Amino acid sequence: MEVVRVPPFERFYEEQREPVLGQLRRMLGRDAADDAFQETFLRALRAYPALEHGRHLRAWALTIARNVALDVLRRSIDTAADVPDLESFDEPLQYEELKRLTADLPQKERAAVFLRYGYDLSYEDIGAALGSSPEAARQAASSGVRRLRRKELR
Amino acid sequence: MTVTPELDSRFRDAAAAEGLLDVAYDLIDTPVGRLLVAVTDHGVCEIEYDANPEAEEERLARLFGVRVLRSPRPTDAARRQLDEYFAGKRREFELRVDLRPTREFAHAVLDELARVPYGQLTTYGALAAKAGRPRAARAVGTVMNRNPVPIVLPCHRVVGSNGALVGYGGGLDRKRALLELEGAISPLA
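Going down the list, the sequences are from chains A and B.
Residues 1 to 154 in our numbering are what the first sequence spells out, letter by letter.
Residues 1001 to 1189 in our numbering are what the second sequence spells out, letter by letter.
Derived from the structure by calculation, the hints contain no laboratory data.
Each hint can be trusted.
Beyond 12 Å from chain B on every Cβ pair, some chain A residues (computed):
1. 70
2. 72
3. 76
4. 103
5. 106
6. 108
7. 124
8. 132
If we take Cβ atoms under 7 Å as the criterion, some of the chain A residues that face chain B in the derived model are:
9. 6
10. 8
11. 9
12. 10
13. 17
14. 18
15. 22
16. 34
17. 38
18. 41
19. 45
20. 48
Restraint ranges, calculated between C-beta atoms of paired labels, are given here:
21. A/56 <-> B/1096: 36 to 42 Å
22. B/1052 <-> A/139: 54 to 60 Å
23. B/1084 <-> A/124: 56 to 62 Å
24. B/1142 <-> A/124: 55 to 61 Å
Model, not experiment: these values are computed from the prediction.
We put the CB at the ideal spot given by N, CA and C, even for glycine.
In isolation and in its complexed conformation, chain A is listed as follows:
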């Protein structure tokens, strides 16, 4: 297979910075995404000399961004039973509502519901954020949703 050389970092950065910022904003909202943006490219810079070829650089950059975002989400779940600050998000009402609705759920279920329905993460990502398997994440989310339904019916 043809060897694709690793481009100078400036090229990589210019080509990947917008997709990376897009992914971080989808996962974290606007303000947290700015900090995560810098962290993503510093991580990429640290790992860059070890790259053996220049193929799949978009996927590589987005994977680093996703890991940085998951670290941020994990920290926010660890540090508080509360959810991350979502006020800067594009659709604040929906999140405010989700925040209010889920306030009484057990912490893990609340986090799973939030990450699934608020951040639209896959169960694989949610599992990674919560330190459990995708299946356990799915169960936590659906048992949270069941609990919410019961509450609504009452």
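Following the hints, complete the assembly by docking chain B onto the known chain A.
Structure of chain B alone, referenced to chain A:
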């Protein structure tokens, strides 16, 4: 999803501050045109006239490592000293230069070139003699042509044995402009 200039320069500063770059470069406007100035941990490694940044990034990556990024902060000292030089307020540069890719004879010639004082002219032959190869005037011409850090290493002060300006990587107009600035030659009427 546009990256704002603030976010962009925050990252470029942080990359340099964390010591993660092989080469930092910036484009600097001067009276002889826009210069691409590149620095490593060892000093200024390149000054290029009329640079095509993408081509230079490739070259710098091959010579010094792939972590090449436009990042103004590390080039501040060079920028300031070039500004002073072009304002006539600086006669000597106090900048380290990174000549690691330059080989023996060329390195010896550039070391001698660095000693040619402000406002003075020397010849290719004289420089060859000082570098220990008095008959290598033509080879010295080649070294001058490939000088990685013109202006800071003053190849513009080297002229033919008859006093003709001969050649310059950045073009003869610039050689003349630098020598006029230094008072080494009088402006053309």
